[in-house]
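J.: Below are the chains, spelled out letter by letter.
Protein chains: 2
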Amino acid sequence: MTPLADLSIAGQRLCFQSIQEKTAMTEHSLWRFSRALHRAINERQLDDLEAVIDEDVEWAIYGPIDMFPFLGARRGKEAVLEAVRQIAENVSVHRFDRESIMLGVDTAASMLRYSLTALDSNQPISLRVAHFAQFKAGRLRSIRVLLDTFDLVEQMLGRSIHLPRMTSCA
Amino acid sequence: MTPLADLSIAGQRLCFQSIQEKTAMTEHSLWRFSRALHRAINERQLDDLEAVIDEDVEWAIYGPIDMFPFLGARRGKEAVLEAVRQIAENVSVHRFDRESIMLGVDTAASMLRYSLTALDSNQPISLRVAHFAQFKAGRLRSIRVLLDTFDLVEQMLGRSIHLPRMTSCA
Numbered sequence: 004m005t006p007l008a009d010l011s012i013a014g015q016r017l018c019f020q021s022i023q024e025k026t027a028m029t030e031h032s033l034w035r036f037s038r039a040l041h042r043a044i045n046e047r048q049l050d051d052l053e054a055v056i057d058e059d060v061e062w063a064i065y066g067p068i069d070m071f072p073f074l075g076a077r078r079g080k081e082a083v084l085e086a087v088r089q090i091a092e093n094v095s096v097h098r099f100d101r102e103s104i105m106l107g108v109d110t111a112a113s114m115l116r117y118s119l120t121a122l123d124s125n126q127p128i129s130l131r132v133a134h135f136a137q138f139k140a141g142r143l144r145s146i147r148v149l150l151d152t153f154d155l156v157e158q159m160l161g162r163s164i165h166l167p168r169m170t171s172c173a
Numbered sequence: 004m005t006p007l008a009d010l011s012i013a014g015q016r017l018c019f020q021s022i023q024e025k026t027a028m029t030e031h032s033l034w035r036f037s038r039a040l041h042r043a044i045n046e047r048q049l050d051d052l053e054a055v056i057d058e059d060v061e062w063a064i065y066g067p068i069d070m071f072p073f074l075g076a077r078r079g080k081e082a083v084l085e086a087v088r089q090i091a092e093n094v095s096v097h098r099f100d101r102e103s104i105m106l107g108v109d110t111a112a113s114m115l116r117y118s119l120t121a122l123d124s125n126q127p128i129s130l131r132v133a134h135f136a137q138f139k140a141g142r143l144r145s146i147r148v149l150l151d152t153f154d155l156v157e158q159m160l161g162r163s164i165h166l167p168r169m170t171s172c173a
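Chains as they are written, first to last, in this note's numbering: chain A, 4 to 173; chain B, 4 to 173.
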């Protein structure tokens with residue numbers, strides 16, 4: 004897959020019928036949001052993103068906010084744009100692959116594997132991400148994002164964190 | 004929500020039309036799998052689960068396998084049942100809430116918040132989980148599960164892991 008192309012759909016059956024009925028030939032809101040988000044992160048151009056975010060958006064990326072202050076919950080467009088600005092100051096997106104995807108009329112969920120670069124260290128970071136999004140009139144109304152946060156923390160630290168093995172394990 | 008009831012759907016629009024066309028009035032495979040999985044974990048009765056898992060199932064729960072050897076990738080029914088047996092030796096499910104869900108004909112994705120109990124310490128654990136699943140003839144064909152692993156590790160350790168703040172953050 005070419006970097007930042009947004010087409011890989013790993014064998015998931017989609018709800019095409021419902022989508023086609025409601026949106027005719029128009030593009031799903033997810034694709035426009037995804038392009039705008041990646042442009043905002045990599046080019047620090049937030050105008051496309053601003054156009055596809057609802058004023059009252061609910062936004063949450065679950066993760067350790069002590070280390071990554073741009074994670075966590077945000078409410079409203081301005082707070083979300085500021086969080087994305089901070090993400091853009093810290094990482095760039097090298098490529099991403101969608102491993103699973105489900106699309107509804109105004110909803111979308113996917114699991115992705117991102118190849119990022121940490122801007123201060125130029126260090127590559129591989130990160131698995133799951134999101135559940137709702138759109139309203141083509142704009143993002145809510146999104147919840149789950150990350151494999153322990154893997155992320157270890158990569159950012161550049162070392163393993165020693166963990167005990169759970170005792171009950173065979 | 005009552006413990007282990009599996010009905011909370013947090014405002015996600017579902018692809019009802021596609022589902023109804025293909026499956027008429029039958030229950031979605033996700034619900035049967037979910038009941039069987041929770042029975043396997045809490046009652047250590049794996050017969051229901053065995054009946055809803057494909058022989059060649061692909062299974063992955065992403066997380067630190069050094070600490071949690073029952074996480075990671077498995078292929079085939081026997082390997083998956085053994086992993087679930089090990090999960091059942093380590094945790095029980097107190098309750099779970101589905102925060103987001105999407106259903107396709109043979110696919111399902113949800114984001115859930117689990118309240119678990121670690122069996123060796125009797126310690127409560129709160130864990131956010133996202134899964135993407137595919138079914139074939141009513142049986143689980145593949146599932147990928149993402150956890151908020153850093154949060155999980157800290158709860159299992161019973162202490163915070165000190166993290167540096169990323170330097171580029173405002």
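Bear in mind the hints are in silico, worked out from the structure with no lab data behind them.
Mixed in with the good hints, there may be bad ones.
Since the list gives no way to pick one copy over another, a pair counts as held whenever it fits inside one copy or between any two copies.
With a Cα cut of at most 25 Å, we get these calculated SDA-like pairs of lysine to any residue [what the hints assert, rightly or not]: (1) K80 to D154; (2) K80 to S124; (3) K80 to M70; (4) K80 to M169; (5) K80 to S129; (6) K139 to V108; (7) K80 to V156; (8) K80 to S163; (9) K80 to E102; (10) K139 to M70; (11) K139 to L115; (12) K80 to Q126; (13) K80 to D57; (14) K80 to G161; (15) K80 to L166.
J.: For every hint, state whether the structure bears it out.
T.: Cross-check of the supplied hints:
1. K80 to D154: Neither, since 29 Å and 27 Å both go past 25 Å.
2. K80 to S124: Answer is neither; intra-copy 30 Å and inter-copy 43 Å both fail.
3. K80 to M70: within (23 Å within a copy, 39 Å between copies)
4. K80 to M169: Classified as between; 24 Å across copies, 42 Å inside a copy.
5. K80 to S129: Neither, since 28 Å and 29 Å both go past 25 Å.
6. K139 to V108: both (10 Å within a copy, 24 Å between copies)
7. K80 to V156: neither (28 Å within a copy, 32 Å between copies)
8. K80 to S163: neither (37 Å within a copy, 32 Å between copies)
9. K80 to E102: between (28 Å within a copy, 22 Å between copies)
10. K139 to M70: neither (32 Å within a copy, 42 Å between copies)
11. K139 to L115: both (23 Å within a copy, 23 Å between copies)
12. K80 to Q126: Answer is neither: 30 Å inside a copy and 38 Å across each miss the 25 Å cutoff.
13. K80 to D57: within (6 Å within a copy, 44 Å between copies)
14. K80 to G161: For K80 and G161, the Cα distance exceeds 25 Å both inside one copy (34 Å) and across copies (36 Å).
15. K80 to L166: Intra 39 Å, inter 29 Å, cutoff 25 Å: neither.
Comparing the model with each numbered hint stated earlier shows that hints 1, 2, 5, 7, 8, 10, 12, 14, 15 do not hold.
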